[in-house]
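One-letter residues, chain by chain:
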Amino acid sequence: MSKLLSLALSPHEKGKESVSRLMYDVLIALLPAFIVAIFFYGLGAIIISLTAVISAIVFEYLITRYILKKPSTVMDGSAALTGLLIAFNVPSNLNPFLVVLGSFIAIAVAKMSFGGIGNNIFNPALVARVFLLISFPVQMTSWPVPIENRMKYLDAITGPTALGQLKEGVMNGQNVPAIISQMPSQMDMFLGQMTGSLGEVSALALIIGLIYMLIRGVISWHIPITIFTTVFLMQGGLWLANPGAFADPVFHLISGGLMLGAIFMATDYVTSPMNKKAMVYYALGIGVLTVVIRNFGAYPEGVSFAILIMNAVVPILNRYVKPKRFGEIIKNGK
Amino acid sequence: MLRTFPKGGVHPPENKISADKPIEILPLPKQVAIPVSQHIGAPAKIIVNRKDKVKVGQIIASSGGFVSANIHSSVSGTIAKIDKVFDTSGYRKDVVIIDVEGDEWDDNILKSNDLIKQISYSKEEILKKITEAGIVGLGGATFPTHVKLAVPGGKKADILIINGVECEPYLTSDHRLMMEKSSELMVGTQLLMKALGVDKAIIGIENNKPDAIEKLTTLSKGFQGIEIQALKVKYPQGGEKQLIKAIINREVPSGALPIDVGAVVHNVGTAFAVYEAVQKNKPLFERVVTVTGKFVKSPKNLLVRIGTPTMQLIDAAGGLPENTGKVISGGPMMGKALNSLDAPVAKGTSGILLLSKDEAFRAETKACIRCAKCVNVCPMGLEPFLLMTVGERKIWDRMENERVMDCIECGSCSFVCPSNRPLLDYIRLGKNKVGQIIRQRKSN
Numbered sequence: 112m113s114k115l116l117s118l119a120l121s122p123h124e125k126g127k128e129s130v131s132r133l134m135y136d137v138l139i140a141l142l143p144a145f146i147v148a149i150f151f152y153g154l155g156a157i158i159i160s161l162t163a164v165i166s167a168i169v170f171e172y173l174i175t176r177y178i179l180k181k182p183s184t185v186m187d188g189s190a191a192l193t194g195l196l197i198a199f200n201v202p203s204n205l206n207p208f209l210v211v212l213g214s215f216i217a218i219a220v221a222k223m224s225f226g227g228i229g230n231n232i233f234n235p236a237l238v239a240r241v242f243l244l245i246s247f248p249v250q251m252t253s254w255p256v257p258i259e260n261r262m263k264y265l266d267a268i269t270g271p272t273a274l275g276q277l278k279e280g281v282m283n284g285q286n287v288p289a290i291i292s293q294m295p296s297q298m299d300m301f302l303g304q305m306t307g308s309l310g311e312v313s314a315l316a317l318i319i320g321l322i323y324m325l326i327r328g329v330i331s332w333h334i335p336i337t338i339f340t341t342v343f344l345m346q347g348g349l350w351l352a353n354p355g356a357f358a359d360p361v362f363h364l365i366s367g368g369l370m371l372g373a374i375f376m377a378t379d380y381v382t383s384p385m386n387k388k389a390m391v392y393y394a395l396g397i398g399v400l401t402v403v404i405r406n407f408g409a410y411p412e413g414v415s416f417a418i419l420i421m422n423a424v425v426p427i428l429n430r431y432v433k434p435k436r437f438g439e440i441i442k443n444g445k
Numbered sequence: 252m253l254r255t256f257p258k259g260g261v262h263p264p265e266n267k268i269s270a271d272k273p274i275e276i277l278p279l280p281k282q283v284a285i286p287v288s289q290h291i292g293a294p295a296k297i298i299v300n301r302k303d304k305v306k307v308g309q310i311i312a313s314s315g316g317f318v319s320a321n322i323h324s325s326v327s328g329t330i331a332k333i334d335k336v337f338d339t340s341g342y343r344k345d346v347v348i349i350d351v352e353g354d355e356w357d358d359n360i361l362k363s364n365d366l367i368k369q370i371s372y373s374k375e376e377i378l379k380k381i382t383e384a385g386i387v388g389l390g391g392a393t394f395p396t397h398v399k400l401a402v403p404g405g406k407k408a409d410i411l412i413i414n415g416v417e418c419e420p421y422l423t424s425d426h427r428l429m430m431e432k433s434s435e436l437m438v439g440t441q442l443l444m445k446a447l448g449v450d451k452a453i454i455g456i457e458n459n460k461p462d463a464i465e466k467l468t469t470l471s472k473g474f475q476g477i478e479i480q481a482l483k484v485k486y487p488q489g490g491e492k493q494l495i496k497a498i499i500n501r502e503v504p505s506g507a508l509p510i511d512v513g514a515v516v517h518n519v520g521t522a523f524a525v526y527e528a529v530q531k532n533k534p535l536f537e538r539v540v541t542v543t544g545k546f547v548k549s550p551k552n553l554l555v556r557i558g559t560p561t562m563q564l565i566d567a568a569g570g571l572p573e574n575t576g577k578v579i580s581g582g583p584m585m586g587k588a589l590n591s592l593d594a595p596v597a598k599g600t601s602g603i604l605l606l607s608k609d610e611a612f613r614a615e616t617k618a619c620i621r622c623a624k625c626v627n628v629c630p631m632g633l634e635p636f637l638l639m640t641v642g643e644r645k646i647w648d649r650m651e652n653e654r655v656m657d658c659i660e661c662g663s664c665s666f667v668c669p670s671n672r673p674l675l676d677y678i679r680l681g682k683n684k685v686g687q688i689i690r691q692r693k694s695n
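Top to bottom, those sequences are chains A and B. Using the working numbering, the letters of the first sequence correspond one by one to residues 112 to 445. Using the working numbering, the letters of the second sequence correspond one by one to residues 252 to 695.
Simulated from the structure, these hints should not be mistaken for lab results. If you're wondering where the values come from, they're calculated on a predicted model, not measured in any experiment. Each hint should be verified, as a subset may be incorrect.
[Claimed, not checked] Looking from chain A toward chain B, a few residues come up when the C-beta cut is under 10 angstroms (computed): (1) L115; (2) E124; (3) M134; (4) P295; (5) D299; (6) I326; (7) S383; (8) P384; (9) K433; (10) R436; (11) E439.
Think of the CB as a built atom: it goes at the ideal place given N, C-alpha and C, for glycine as much as any other residue.
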């Protein structure tokens with residue numbers, strides 16, 4: 112190295128934060144939910160997660176290397192994270208070709224075509240999930256029953272999700288408390304013993320991940336807690352108004368993809384707002400849309416749609432919702 | 252609970268390696284180069300000629316305007332020449348070069364170290380002495396002290412805040428001064444209170460200096476109107492606006508000065524210099540400088556004459572290590588990298604920090620992942636990522652609307668960025684351009 116001294120401007124010191132460190136922290140936060148997924152869905156969870164992660168990394172590598180002809184960015188961990196989140200958002204008996212297709216949609220279409228990390232408008236893993244859900248509705252809505260299918264994969268015995276059961280019952284004019292009485296207890300649902308996409312079932316495991324990310328300063332509380340609160344209050348209002356037609360708020364918090372969505376999908380850096388005030392509005396929108404879709408829409412589940420719709424609003428929020436400036440006092444009426 | 256400012260901020264590793272090293276007097280150099288522009292404002296006008304004999308404390312350049320300050324000789328000897336050399340700003344500036352002969356002080360200066368507690372001067376006399384002594388803000392901003400003390404008509408100060416925060420990592424010169432010149436500091440604070448016409452002063456000290464907090468708290472019982480406020484360690488608490496918010500919870504409006512909320516802030520080093528100027532007739536010609544770095548052989552706090560070449564300070568701390576990659580005047584967050592090791596120590600030089608090659612060079616810049624960490628740490632509530640983006644595109648009016656001029660250049664954004672983006676570089680560029688545009692608009 113030369114004897115010359117650096118003249119770079121201040122600050123001369125740099126914190127320990129790095130992109131890969133943040134991404135690996137999120138991966139660590141996903142670990143409890145992944146362990147639960149393996150416990151409940153065994154073989155299927157492992158096959159799908161590996162397929163999704165490896166294919167996402169391969170697609171990103173190929174695109175950066177051979178189409179964009181830039182140094183590869185796969186080592187930053189973001190492709191692996193997208194892959195794992197795709198896996199978490201699909202049933203554990205999904206055909207591996209569809210998983211690979213999902214990775215392709217996420218990485219090639221939703222991420223790299225916008226310019227790669229930092230430039231995409233929509234959450235890549237959710238784009239993949241919604242693409243698969245709309246294109247392959249049958250495969251995407253047959254969920255293996257937990258535990259008994261541990262050693263099975265494509266031949267797993269399937270059952271409906273709690274939200275699916277609820278939607279179907281309501282459509283058939285059944286009373287909501289009667290439908291819910293046939294489901295697992297709320298404690299079992301909280302721990303994750305129910306049918307669902309492989310990473311979304313255990314609220315407990317996901318909340319452990321949330322606490323880890325909060326302690327590590329990876330995310331702030333604003334998005335997840337605002338979503339929880341909005342869903343709880345709004346659903347609580349509906350439930351109090353008519354308990355026969357609407358499920359209770361706790362049921363909605365711990366069922367379906369709400370925990371996974373609020374903690375890991377809505378908080379995606381790239382597609383969420385840039386200041387805390389805007390984050391609260393964004394999360395409020397997600398909460399309201401989720402409750403509306405789940406209760407009044409055709410789909411039993413609404414978190415993915417709600418997040419994608421609010422992703423589209425983020426640029427507007429960033430433009431018009433500014434952080435409170437220091438000394439923001441209008442002087443002399445100017 | 253400890254007070255601090257509420258918005259933003261970071262906590263870099265403190266690295267106060269030299270905190271327990273008593274102040275040592277650096278031996279006189281053979282030659283000094285005294286810059287005539289060591290303060291914000293107009294350079295002082297040189298009033299000596301080549302071959303003139305000067306004494307320590309003799310004025311060699313007189314204030315060049317209202318916002319300016321006198322410059323005094325820091326040594327006795329002969330003026331060798333008047334020249335331009337690279338100073339701590341990185342530019343070639345006018346200096347008076349003096350060959351040192353002996354150490355003969357101006358007759359008016361009281362050389363004894365006895366504490367003079369009695370204040371026997373009027374407000375006007377104090378102000379006059381401060382002006383004559385060429386005192387400037389010693390925290391690093393080097394704004395002339397007498398200008399800060401001249402409260403403009405229609406405005407009124409009700410509180411004096413003394414900045415003993417020293418929030419920059421590594422630096423310990425203020426800490427040592429608080430420990431070793433505690434009583435002088437207290438008298439200096441009372442002098443500033445009298446000059447300002449206030450009956451209350453609060454000295455803010457961060458909690459990583461418990462010894463200084465304890466010592467000054469005990470001492471403050473004997474000085475009416477002076478209180479000590481311990482503060483939670485958070486950078487950039489030493490910023491005037493942050494410190495005022497932390498201590499008295501007043502928010503200086505955007506574009507306004509502390510006096511607009513009735514507060515005036517001075518550094519502990521300045522308060523000590525005021526004591527020496529008023530009570531001892533001693534102009535500002537020496538200061539405490541921390542020489543430090545993780546691999547510096549013996550980090551030190553040195554009492555140094557203004558104009559001493561930087562290299563001499565480094566030699567006193569064990570010499571320039573082999574793998575030095577950067578030499579900084581000031582601290583790691585806001586200091587300035589030196590382009591010459593002969594750059595003379597100036598009134599605003601609070602420290603000399605040596606970084607190794609590993610520490611000195613920036614990591615590769617990556618794409619912004621929009622994590623919003625820069626927004627969260629900005630103490631002024633700005634959006635650094637956005638300022639950089641519009642700065643890259645040279646959209647200066649948007650930069651102005653996004654309040655680029657509010658930036659205090661603390662560097663918290665660049666410090667925290669996981670993608671190593673040079674946020675502050677673009678913000679500085681923007682401030683420069685927008686500042687030009689604003690000045691042009693005003694002159695039209």
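Here's how the hints hold up against the structure:
no. : hint : result
1   : L115 : 9 angstroms, holds
2   : E124 : 4 angstroms, holds
3   : M134 : 9 angstroms, holds
4   : P295 : 37 angstroms, violated
5   : D299 : 36 angstroms, violated
6   : I326 : 15 angstroms, violated
7   : S383 : 8 angstroms, holds
8   : P384 : 8 angstroms, holds
9   : K433 : 7 angstroms, holds
10  : R436 : 4 angstroms, holds
11  : E439 : 6 angstroms, holds
Hints 4, 5, 6 from the list above are not met by this structure, while the remaining hints are.
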